[in-house]
Amino acid sequence: MSLFEILGTLETGFVFGLVALGAYLTFRVLDFPDLTVEGSFPLGAAVAAVLIVAGANPWIATLAAAAAGFAAGLATAWLNVRFGILHILAGILIAISLYSLNLRIMDGPNEPLLRVDTVFTSLQAFGLPGYVVNPVFLGVLVLLVKLGFDAFLSTGTGLSMRATGANPAMAAANGIDVGRMKLLGVGIANALTAFAGALFAQIFGAADAYMGIGVIIVGLASVIVGTSLFPSRTIVAATLACILGAILYRLAVALALNAGFLGLQAADVQIVTAVLVILALVGQRSGGTLFRIMRKENRA
Amino acid sequence: MIELSDVHVTFNKGTPLETKALRGVDLKVPNGQFLTVIGSNGAGKSTSLNVMAGAAKVESGRVVVGEHDMTDWPVHRRARLISRVFQDPKLGTCEDLTILENFALAYGRTRPRGLRFASGRPMRRDVAERLRMLDLGLENRLDDKVGLLSGGQRQAVSLLMATTGETQLLLLDEHTAALDPKTADFVLGLTRRIVSELKLTAVMVTHSMAQALDTGDRTIMFHRGRIVFDAAGPERDALAVEDLLALFRKSQGEKLTDDALLLG
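Order-wise, the sequence lines are chains A and B. According to my numbering, the stretch in the first sequence is residues 1 to 300, in order. According to my numbering, the stretch in the second sequence is residues 1 to 264, in order.
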């Protein structure tokens, strides 16, 4: 791998770090397996791209994308909380609806971002090439989001969210509106995902209706790989592990596709993803032997 | 003060599994009273506790606490005035959170939870002071996860958590049943002490007739969804477990078969 490729991998790794934080919030904190992200990732991309092409400030367009993602998460959680629809099914229903909605928003299957200003255009003021300054910017951004996320989870509301996932009966008995916590949490997770989608579209110069496929697995893979390789006993450590997991995961995919002897091509990325997740899960299940050996070697 | 008037509860209504759990329960617990509740399995004692807490929906009847008609209030809304200790020590506390964080949740019942940090230094001092009365050394383990504590320690913590803030009514759902006898005695003694110190209104469901008569100042017995026996004052003081069993047989006109009532 060249330096250029490694920096590119870091760039996408950081973007998916945001998705991983969202997956951590839904799967681990709230115990609400949320599949909405398959639709909210391209939703964020579509909203940001359409607004940017229409001449909006790219930063405002990116924040609008996050708001749209929040609304999508709210819709899923509402179906679950208000009507008792199974969380996984609620997520699939909203993700499917978002597929149509995204086609409508973009008035077609994609929206190119050619010769328009994106959030990355303004970074050129630093005088460094984009492939250097972009990963640095994204790294700082993800770190700031992580710190905010950690702080939120130690506030009264954040603590209530953790109790909601860990012990709903106890949470309710202590005056926590469990339904409201689910609405807020799934909303925040999808806002993060849509935010990531908006940044992803601006890196690659287009929003695409199909770019959401496999996002849920990427987020989950990052959480599983990260929290099994790195210490994750406290929230602060666990969120860092998720982000590192996202980077490692992107690195693993890039290496797999780069290894000429495997004969893999770009089209194989989804199956590579699935195989990596399966390996991580099997590794965890078999007592984490593989990971324990790796960790021991790391320490030595 | 809590008052149930003509409360009916039916589970699985309209299915072959339909069960009438409560059939017309009238119960008034005045302020400061410590009520103990006994009855065989399925008699309705736990259901009536769930009705008070809001965890079981009533089919008809009213639930009033103080001046509030709570019949349609969800659990979390009632939590401001009513707190609860569960039978399972794992249910009353959150094992992934630290002792301090668990208390922060409990304080949140009566104080607004917002975006401020959940546990500040004043709370830390306050919690340490409350834990000191347990004499278990837990005041030095505020940042330990509750999952590391034993069942008895967790139940004692649950009890302290349930009695923070402006709790008016304390519900105890066989909260010593899952503990070994020595620990059960400790938790029961602690319960008596806290209830009398804070002058709480309390309702304790128990499987043990002896415990029911030794604790609190009034005892009721459920059978088949109704209250069949209600004693307080000198009448109750004169009762022994054997009398209670005899009364039970007499009022029901049937042989008592549930061994659980004889235990303890």
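Since the hints were derived computationally from the structure, they do not count as laboratory data. There may be inaccurate statements among the hints.
[Stated by the list, open to error] Beta-carbon label-pair distances, calculated as ranges: (1) 80(B) / 56(A): 38 to 48 Å; (2) 77(B) / 275(A): 42 to 52 Å; (3) 124(B) / 180(A): 19 to 29 Å; (4) 148(A) / 124(B): 19 to 29 Å; (5) 111(B) / 84(A): 27 to 37 Å; (6) 77(B) / 143(A): 34 to 44 Å; (7) 69(B) / 84(A): 39 to 49 Å; (8) 140(A) / 69(B): 46 to 56 Å; (9) 60(B) / 234(A): 42 to 52 Å; (10) 88(A) / 69(B): 36 to 46 Å; (11) 114(B) / 60(A): 42 to 52 Å; (12) 30(B) / 180(A): 32 to 42 Å; (13) 74(B) / 67(A): 47 to 57 Å.
[Claimed, not checked] Which residues of chain A face chain B? A partial, calculated answer using Cβ under 7 Å: (14) 128; (15) 132; (16) 155; (17) 163; (18) 166.
Model, not experiment: these values are computed from the prediction. Note that beta-carbon positions come from the ideal geometry of N, C-alpha and C, so glycine has one too.
Now the hints, each set against the structure:
Separated by about 45 Å at the C-beta atoms, residue 80(B) and residue 56(A) satisfy the suggested range of 38 to 48 Å. Distance hint check: the CB atoms of residue 77(B) and residue 275(A) are about 49 Å apart, consistent with the given range 42 to 52 Å. The hinted range of 19 to 29 Å is satisfied by residue 124(B) and residue 180(A), whose Cβ atoms lie roughly 28 Å apart. The given range of 19 to 29 Å is respected by residue 148(A) and residue 124(B), whose C-beta atoms sit roughly 24 Å from each other.
Look at residue 111(B) against residue 84(A): about 31 Å separates their beta carbons, and that is inside 27 to 37 Å. Take residue 77(B) and residue 143(A): their Cβ atoms lie about 39 Å apart, and the range 34 to 44 Å holds. In this structure, residue 69(B) and residue 84(A) break the distance hint of 39 to 49 Å, their C-beta atoms being roughly 26 Å apart. Residue 140(A) and residue 69(B) have their C-beta atoms about 55 Å apart, which keeps the hinted 46 to 56 Å range intact.
For residue 60(B) and residue 234(A), the Cβ-Cβ distance of about 49 Å falls inside the hinted range of 42 to 52 Å, so the restraint holds. Taking the beta carbon of each, residue 88(A) and residue 69(B) are about 38 Å apart, inside 36 to 46 Å as hinted. Checked against the hint of 42 to 52 Å, the C-beta distance between residue 114(B) and residue 60(A) comes to roughly 27 Å, which is inconsistent with it. Between residue 30(B) and residue 180(A) the C-beta distance comes to about 34 Å, which sits within the given range of 32 to 42 Å.
Remark: the range hint 47 to 57 Å for residue 74(B) to residue 67(A) is contradicted by a beta-carbon distance near 29 Å. The criterion of a C-beta within 7 Å of any C-beta in chain B is not met by residue 128(A), whose closest approach is roughly 37 Å, and the hint is violated. Checking residue 132(A) against chain B by beta carbon gives a least distance of about 36 Å; that is not within 7 Å, so the hint is violated. The beta carbon of residue 155(A) is positioned within 7 Å of a beta carbon in chain B (closest approach about 5 Å), and the interface hint is therefore held.
About 5 Å separates the beta-carbon of residue 163(A) from the nearest beta-carbon of chain B, less than 7 Å, and the hint is met. Because the smallest distance between the Cβ of residue 166(A) and any Cβ of chain B comes to about 5 Å, under 7 Å, the interface hint for this residue holds.
In summary, the structure is inconsistent with hints 7, 11, 13, 14 and 15 from the numbered list given earlier, while agreeing with the others.
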